[in-house]
Amino acid sequence: MEFFDETLASAAVEKPALNGVVAEEEQVPITHPAKSHAAVAAENPTPISSVANGEGEGVPGAHTAAKSYAAVAVLAEIAALRAAKLDLEAKLDEARRENKFLAEETHRIEGIFPQVRAEATIAAATSAEEIAVLRTKVDRFKTEKGEHELDKQSHDKLAKEVDAVRQEKHKLEEEIRALKASATAAVAAEKPTPISSVANGEGVPGAHTAGKSYAAVAVLAEIAALRAAKLDLEAKLDEARRENKFLAEETHRIEGIFPQVRAEATIAAATSAEEIALLRMKIDRLKTEMGEHELDMQSHDKLAKEVDALRQEKLKLEEEIRALKASTTAAATKEREAAPAAEAPNEGEVAWLGMVVAAAAGVASMAAVMLICLRKR
398 MEFFDETLAS
408 AAVEKPALNG
418 VVAEEEQVPI
428 THPAKSHAAV
438 AAENPTPISS
448 VANGEGEGVP
458 GAHTAAKSYA
468 AVAVLAEIAA
478 LRAAKLDLEA
488 KLDEARRENK
498 FLAEETHRIE
508 GIFPQVRAEA
518 TIAAATSAEE
528 IAVLRTKVDR
538 FKTEKGEHEL
548 DKQSHDKLAK
558 EVDAVRQEKH
568 KLEEEIRALK
578 ASATAAVAAE
588 KPTPISSVAN
598 GEGVPGAHTA
608 GKSYAAVAVL
618 AEIAALRAAK
628 LDLEAKLDEA
638 RRENKFLAEE
648 THRIEGIFPQ
658 VRAEATIAAA
668 TSAEEIALLR
678 MKIDRLKTEM
688 GEHELDMQSH
698 DKLAKEVDAL
708 RQEKLKLEEE
718 IRALKASTTA
728 AATKEREAAP
738 AAEAPNEGEV
748 AWLGMVVAAA
758 AGVASMAAVM
768 LICLRKR
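Under our numbering, the first residue of the sequence shown carries the number 398, and numbering increases by one thereafter.
FYI, nobody ran anything at the bench for these hints, they're computed from the structure.
Using C-beta positions, here's what the derived DEER-type ranges look like:
id, residue 1, residue 2, range
1, ARG574, ALA618, 15 to 25 Å
2, LYS568, GLU516, 51 to 61 Å
3, LYS684, ILE651, 45 to 55 Å
Okay, derived cross-link-like pairs now, EDC-like style, lysine to aspartate or glutamate, Cα gap no bigger than 16 Å in a straight line:
id, residue 1, residue 2
4, LYS568, ASP635
5, LYS539, GLU652
6, LYS488, GLU636
7, LYS539, GLU647
8, LYS554, GLU646
9, LYS633, GLU486
10, LYS642, GLU495
11, LYS642, ASP553
Glycine is no exception: its CB is placed at the ideal position from the N, C-alpha and C atoms.
Whole structure, please, built from the sequences with the hints as guidance.
Shown next, in the form of structure tokens:
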């Protein structure tokens with residue numbers, strides 16, 4: 398937390414004066430809360446010339462009596478209350494900054510949490526059964542967690558309310574006792590002197606009248622205001638601490654759920670990766686089979702073309718054989734007509750005719766073998 402390292406000096410410098418209840422010349426420095434009247438008188442001596450010229454209206458002993466130890470105690474209490482107020486304000490500012498940081502951290506984690514859940518849903522889209530199981534588990538976990546949290550929150554809330562009521566009761570009782578004691582002391586101190594005691598010379602009524610000055614009333618009012626501000630700041634500080642505790646618990650809870658969701662997303666992604674790998678293997682096998690089938694088709698087409706070529710050659714040879722037979726028959730007929738006497742055929746012609754017939758038979762047998770091979774495939 399980078400902004401928690403800031404010092405409280407800037408906050409103390411920028412803090413304005415307290416409602417203008419006491420003037421700047423009447424304020425006592427906090428570093429000397431218990432300064433006696435003798436030190437104040439030593440720092441602000443009365444000029445000798447004014448006493449000699451008769452400008453002073455009284456004896457210095459009157460001022461000493463006015464600034465008694467009670468006034469010094471009141472000023473010390475004011476200084477202590479001011480210091481306590483500044484301390485409480487600093488703590489409240491620090492608690493608010495911590496609240497802001499925790500709220501931002503919680504908001505950030507809550508922003509990441511739906512993103513991770515969406516990624517898990519996208520990764521597990523290919524496996525419907527796995528998604529159904531995960532959703533069932535998450536819903537059951539949320540239900541159990543919600544019931545447990547509701548019970549815990551209600552119990553904590555009741556305990557906090559009881560503690561708060563008890564603390565407020567104790568504070569009010571202490572405040573009432575303090576007010577009663579201060580009121581009793583003030584009444585006892587401000588009680589007028591009886592006439593009989595004045596007649597006997599035991600006291601002067603003017604001293605009581607001087608004690609009930611407007612300065613004393615202002616001091617008492619400032620004390621009451623400072624006490625009220627202190628109580629208000631303490632209440633705000635308690636509320637800020639409770640809010641800090643709640644935000645810390647919420648952040649811890651979300652951080653505890655976050656790894657579980659990430660693990661579920663990892664499992665779903667792994668399942669999807671396995672399915673994708675299986676599909677890729679199937680696709681590769683189908684591609685291999687398709688390649689083999691294409692090779693078979695190409696070889697089949699090649700063989701079919703060869704068979705067609707052989708058939709055409711066979712037809713050509715058969716036509717040549719017919720033409721040769723026809724020419725041979727015509728030549729034999731002419732020779733028969735030219736020579737009526739029967740003569741034996743020439744050996745060369747008979748050999749040539751035998752070769753032609755053998756070649757035709759070989760071509761026919763080869764074509765038959767090729768057709769048989771194609772039918773077997």
